[in-house]
Amino acid sequence: MSSFHHRKKKKPISKKGLPPGTRIYIGEEREHKINIEVISYNELSITKYKNVDLSQIKELSPTLNHWINVNGIYDTSIIIPICDHFQIDPLTVEDLLNTNQRPKSDDFGSYVFFTLKMLETISLDGKNMNIDDEQISFLLGRNFVVSFQEKPGDVFDPIRKRFENPDSRVRKYGSDFLVYALVDVIIDDYFETMEKISSMVEVFDNEIAHKPHPNQLETIQQVKFLLLNLRKYIYPTREAVHKLARIDNPIIQAKTSKYYNDLIDHIYQILENLEIIRDMNSNQREMYASNLTLRMNRVMEVLTIISSVFIPLTFIVGVYGMNFKYMPELSHEYGYFFVWGLMISVTIGMLFFFKRKGWI
Amino acid sequence: MSSFHHRKKKKPISKKGLPPGTRIYIGEEREHKINIEVISYNELSITKYKNVDLSQIKELSPTLNHWINVNGIYDTSIIIPICDHFQIDPLTVEDLLNTNQRPKSDDFGSYVFFTLKMLETISLDGKNMNIDDEQISFLLGRNFVVSFQEKPGDVFDPIRKRFENPDSRVRKYGSDFLVYALVDVIIDDYFETMEKISSMVEVFDNEIAHKPHPNQLETIQQVKFLLLNLRKYIYPTREAVHKLARIDNPIIQAKTSKYYNDLIDHIYQILENLEIIRDMNSNQREMYASNLTLRMNRVMEVLTIISSVFIPLTFIVGVYGMNFKYMPELSHEYGYFFVWGLMISVTIGMLFFFKRKGWI
Amino acid sequence: MSSFHHRKKKKPISKKGLPPGTRIYIGEEREHKINIEVISYNELSITKYKNVDLSQIKELSPTLNHWINVNGIYDTSIIIPICDHFQIDPLTVEDLLNTNQRPKSDDFGSYVFFTLKMLETISLDGKNMNIDDEQISFLLGRNFVVSFQEKPGDVFDPIRKRFENPDSRVRKYGSDFLVYALVDVIIDDYFETMEKISSMVEVFDNEIAHKPHPNQLETIQQVKFLLLNLRKYIYPTREAVHKLARIDNPIIQAKTSKYYNDLIDHIYQILENLEIIRDMNSNQREMYASNLTLRMNRVMEVLTIISSVFIPLTFIVGVYGMNFKYMPELSHEYGYFFVWGLMISVTIGMLFFFKRKGWI
Amino acid sequence: MSSFHHRKKKKPISKKGLPPGTRIYIGEEREHKINIEVISYNELSITKYKNVDLSQIKELSPTLNHWINVNGIYDTSIIIPICDHFQIDPLTVEDLLNTNQRPKSDDFGSYVFFTLKMLETISLDGKNMNIDDEQISFLLGRNFVVSFQEKPGDVFDPIRKRFENPDSRVRKYGSDFLVYALVDVIIDDYFETMEKISSMVEVFDNEIAHKPHPNQLETIQQVKFLLLNLRKYIYPTREAVHKLARIDNPIIQAKTSKYYNDLIDHIYQILENLEIIRDMNSNQREMYASNLTLRMNRVMEVLTIISSVFIPLTFIVGVYGMNFKYMPELSHEYGYFFVWGLMISVTIGMLFFFKRKGWI
Amino acid sequence: MSSFHHRKKKKPISKKGLPPGTRIYIGEEREHKINIEVISYNELSITKYKNVDLSQIKELSPTLNHWINVNGIYDTSIIIPICDHFQIDPLTVEDLLNTNQRPKSDDFGSYVFFTLKMLETISLDGKNMNIDDEQISFLLGRNFVVSFQEKPGDVFDPIRKRFENPDSRVRKYGSDFLVYALVDVIIDDYFETMEKISSMVEVFDNEIAHKPHPNQLETIQQVKFLLLNLRKYIYPTREAVHKLARIDNPIIQAKTSKYYNDLIDHIYQILENLEIIRDMNSNQREMYASNLTLRMNRVMEVLTIISSVFIPLTFIVGVYGMNFKYMPELSHEYGYFFVWGLMISVTIGMLFFFKRKGWI
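Chains as they are written, first to last, in our numbering: chain A, 697 to 1056; chain B, 697 to 1056; chain C, 697 to 1056; chain D, 697 to 1056; chain E, 697 to 1056.
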């Protein structure tokens, strides 16, 4: 049987009663080393730093643009000082550290906060699939972008490569374009996830149509649930990008607005794909219900055919099993064979009747 | 069997024909002593009073902020004079005293009124759950907050603790922040309630999938009803907070708006959780219907198999129970054993047929 | 069997081809005497007149406020002259006289027109219910309110009583407050109707759960229909009050707007109750369908159990009814008792099997 | 069996590839003589012309108002010159000539175009119904109204009669009021159609409840389809009248706006009636499905009762049909009668059991 | 069995990680020769060029209007230089080359981009249907229109013909009118596709009503899917044309706005047709489910009738097959014939009962 799962996060640590802006990590326990990587760039020069610490961040030149990528958020003793350096509001830091946060964007004047989910699809064997989500957040200032990943990963490698090329737009444009480019990579991933789900759902479609089985309902419901979870991520992401494109803050420049619009266009296309898979899923649900009824119909037809053929025959042989003293047929020499003839005729008649009904 | 109940309030006392603004208590009968507690504070000092009476309230210093918490509303002889002291409109007092009031916020110029429900979950044994609701109302003036609880409770204790700390924002910010902090505590409770319902619905999910029973429909409908009742509370609460955040009244200061937005964000997240539980519930409903059909299918299959095997056999033995004078098989020495052979072959054939159909 | 009916009005007299503003009565035939009652009041004095005629209305003092209550609209020879005296547009009079008019409010400059339905519930015996509606219309001018009832009734008595009290707001405020007070009485009636329907639907709920019967569907559909009809009245009433509260006409004073808002609040609460009853109704519909399937399942189980037990037994006795010359068991002394033993074993085996399936 | 049909128009002549504004007739073939009738009027005088031709139209006095009624549109050689005389845009003429046009209104500055459908109900015998639609279009200028009917008919006779009366508003008001009056007549017709459908659906309701039959689904679906088609006409008509009432063009005078609002009110009422019939239809659909299941239940109950009574009896008689040498009961003198007693007891027991189950 | 397919495009080449505005072709592999055709025109003159290359495009006179039609987009080495010549933004070119692009319109200041789908219906034999879509894009500048087709085709021939006529509006109006005319041709094609689908669905309707078969569900779901896919194209097309009509850019002149409105009107009509076919489809789905139940009912009725007739008869003959020593009937001379009489009576009684139930 196929299976489609969306891995559930651990339950959040209860924050009940804590003051707002309490900056604690909410998410899975992790133990990897948090690595901070910085790319300082303008059109002319580019410098890459690995394993950066706070003191180095404090010394970054204000005349260059900086992309600071932090690949872990579980350790607040590292994250909070960085946020404090950039004068980030505690409410933002609280959202940043909560891996159950809904996708959203917020303008805080001196910086813009944007958070969304990255999807990681683990297709076990073409029939079973686990989807894992990772929270990615961005702090976008006039000349810096800080990106936070939940765990180390290579999703941003294509952007790192593009930085090599001095003619690329990531080098020429500002931090707002860099955020666009980073988000675009994540959104492209959604396309791939959709494609994978779609093709697996198609395989499953075939299974339902040709090998109906009562426990397929469970898989159908898993797919439904998976799609609902994805919708829960993608709709607010669309809203967040919309809001980002409309923000009245010089950090977001007019010339990048067409790129944000392009992004919105992509998200619309992903949502349309999602809706099509949802329609396939609802068709499967209907096909399943129809299969149950068809199976019942076939069971009933078998019962009806066998009963209808043999019950009259049993009656006939019962007649001649009676012990009446005077039953003329019994003493007839060919009586027995006549009865067989009668029974064969009845059977043929019945079968002919069922044939015409289309049951056999 | 599991059960999920939302305790129903007593029927309201009919107010038909009474003039608007008639200030009578509508709700469950209560007899506890109404306690009034006051915290008078500013950034520098804090004073706590217990068992306060009206005369003490009248003498509160106009240069301090005051949080007046009233833990009972059944006695209008206590409530109305307090409201009169703060010049509260009779229509507001009418809403305050009606425990069936929908969550809402209203700006009356000199004060803002906000009312919502607190949820109290009593999980009896991990499978049964009672949800009780309590109405909490706030009167928010320039330098005071009056909070009204239906009955004594410790829900605001975390806020009382935060007052101890002179650096905490409740001390430094005004009455609008205090209301935010109090509401935040209540909303955090909703998260916990959702979490509890969710985990109990998951347990029940398992029961439906593996131990189907006709009376599970009742529980499914109880959950549906419970969720509808919660929606009925949470949607207007969201509207009320939205309205509060947009009120054009100096009582609500610009700098607290980001906190109200944070609150709205939390309510959205609660609503998303609610929708996911609703989807689980609708899946259970579908699973239940499918279980009924499957059960029918299995019953029919058993009937069909037994009938189809024995009806032909009964016919065969009927044939040789006939009393024809001339039936050659009867006098054959091994006739009886041949018939047994025939019957065993028919049985094996039938079973093979059902095996191929997947019914056994 | 329970029943829930909404009494249908007589078919309207066809107005096809008549010019707009043709002022004819459309509604049930009535024959009661039309009584006109006037209360002329200000803060200082109050005078009540009964059985008023047109000439008296023409002499009413322009310096007082007047409430003119007309308890019948079937006689256009009485209604039209009154309307002409107050210079009411023929289109308004047409709506006034049409008892099938949707609830609405319209501002005509010199007066405001407001019409809605009053509900009259006749609960025959706690299980059967008839709902009757009566149209109530108001003409609201600077210093007068004309209210039109379809038939005599005491619904406005609480307001009449409040007029006795010189401190009551109906005395101190203007005609806009009076209309509010009158409408408030009618809306309070809706609460009561909802309460009655709700408790009868709950009784019926119990009946469906514990005494399922095929003809309960009819009652379920009656309730659905009744609720749809109520929705049809309440939604446009809400719109009409909304419009009234926003009308830019000095007849509606700013200080009464909070009362209108309170009214809207009440209508929202009625709609929420309505939606909850609708949910109960849809649950009953589902419960009904599930009951039908359960009944089928039980029928099939009985058939299956009886057939499965006796069909094999019949086969066994058939075997020993065969007339073969050579059947060793037949001549065995205890053969007959062995067969009984076999048959009892088969029966016990079958019953054990059904027990395990949970069918018995 | 009842039937409800909406007559389908002939397929449109393909206009693919023709330039926009190509003025060709699209609709059913017709051969009647096209008659043009003119009423020239103002408050003081009125002149009626029949069988008017283009030259006469060209000489109509510019100081009078004119209503030009054209009762046929199939002959473009007549229609186009008239339109050209009034300087009508080819796009308007194209819409005018296309009998599949959706209801709409358009402001072209010097004139306003309005088109809608008239319904013609042919109730054959109280159970079967054909609905035919006819397109009616209006060109509304400063001092003229040109109305186009698809075929001759007397629908506008009431308006013609009102013209006789010099005090009637059609005489006193301008062309915008005339269009209102003409449309009002058509809308009144919708009320009658709704009334007819409603009463026939009620008759059918009764049939479904008391004489269920498998082929009632077809009629239920016909009604559903009919109502969908009507919705398709009425919703855009409402939009078109709304737009007409809001058009900023001196042709539509302020003082007629209240009449247009009255029209919109009527359309709302028609839509409400439509929705109620739709609810009846959906109830019938549900009743039908429930009837199918009930029928199945009854079939199964009959089978179960007969099988359950006779299968055990057949077993009993089978027992005593066995040929064992030693069967003490067989030689008992009253054995046969004891067996009958046993069988009667079993039968009574079974019937009692089914009685208690409520199956007989 | 009927079939309705919408041909799926090849999977897109993954663009993950590529910078935005990367101009690569995404679509089916094609190998036809790309032909560029230019019509240069104004009101006075017209010149047609075939097999144009880039150098010729560069020399086109700026005082004439030009329609450049490119019938292939797979070869970026041809497409990109043309776009560069007209200074088209890389993001536009990216969309142009992606055959999975949603219909949309975008204003880039110096040009307007518009893309939509053309439908190609291949009705194999009146029962089976393939729908193929082709992307058509337009670049609309002050004096030029560049149209891109995915593959060669004659869809624009009617427009080419209209160019011959110096009085036609395509000659007299500017490029905005030309785009309108080209899109109009494509939209007219949608009408035809709808007509074809509609008539095939009607044929299928008949099949479901009169020759029900379990595998019709597959075709019903294919139609549902096909219609969902068409909706996916038509709704954004409507949005795109709406946006085009509202664009504040001198390229779109005020006088063409009425033509765009006409186009929107057509799209609305197509959507209404689509909704009607969707309703037919949902009716078929319901009819199918009802057919399954009816079939089951008929199977059960046959079983019940045959069982109910023969089971009692078998009991009767069983009675007289008993071997009791003392059974008075057995020795009666006409016993055997009495039994036959009894059995015939029982049979007639049963048949009469079933007749009254309406089962035979």
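What the hints contain is simulated information worked out from the structure, not anything from laboratory work.
It is possible that part of the hints are untrue.
Because identical chains cannot be distinguished in the list, a pair is counted as satisfied if it fits within a single copy or across any two copies.
[What the hints assert, rightly or not] Derived pair list, reagent style DMTMM-like, types lysine to aspartate or glutamate, alpha-carbon separation capped at 20 Å: (1) K939 <-> D958; (2) K939 <-> D961; (3) K847 <-> E903; (4) K868 <-> D771; (5) K868 <-> D828; (6) K754 <-> E891; (7) K954 <-> D785; (8) K868 <-> D958; (9) K729 <-> E739; (10) K868 <-> D785; (11) K954 <-> E790; (12) K928 <-> E971.
Hint check:
no.	hint	in the structure
1	K939 <-> D958	both (14 Å within a copy, 16 Å between copies)
2	K939 <-> D961	both (14 Å within a copy, 15 Å between copies)
3	K847 <-> E903	neither (37 Å within a copy, 36 Å between copies)
4	K868 <-> D771	neither (34 Å within a copy, 29 Å between copies)
5	K868 <-> D828	neither (34 Å within a copy, 42 Å between copies)
6	K754 <-> E891	neither (43 Å within a copy, 42 Å between copies)
7	K954 <-> D785	between (29 Å within a copy, 10 Å between copies)
8	K868 <-> D958	within (19 Å within a copy, 36 Å between copies)
9	K729 <-> E739	neither (32 Å within a copy, 42 Å between copies)
10	K868 <-> D785	between (29 Å within a copy, 17 Å between copies)
11	K954 <-> E790	between (31 Å within a copy, 13 Å between copies)
12	K928 <-> E971	both (13 Å within a copy, 10 Å between copies)
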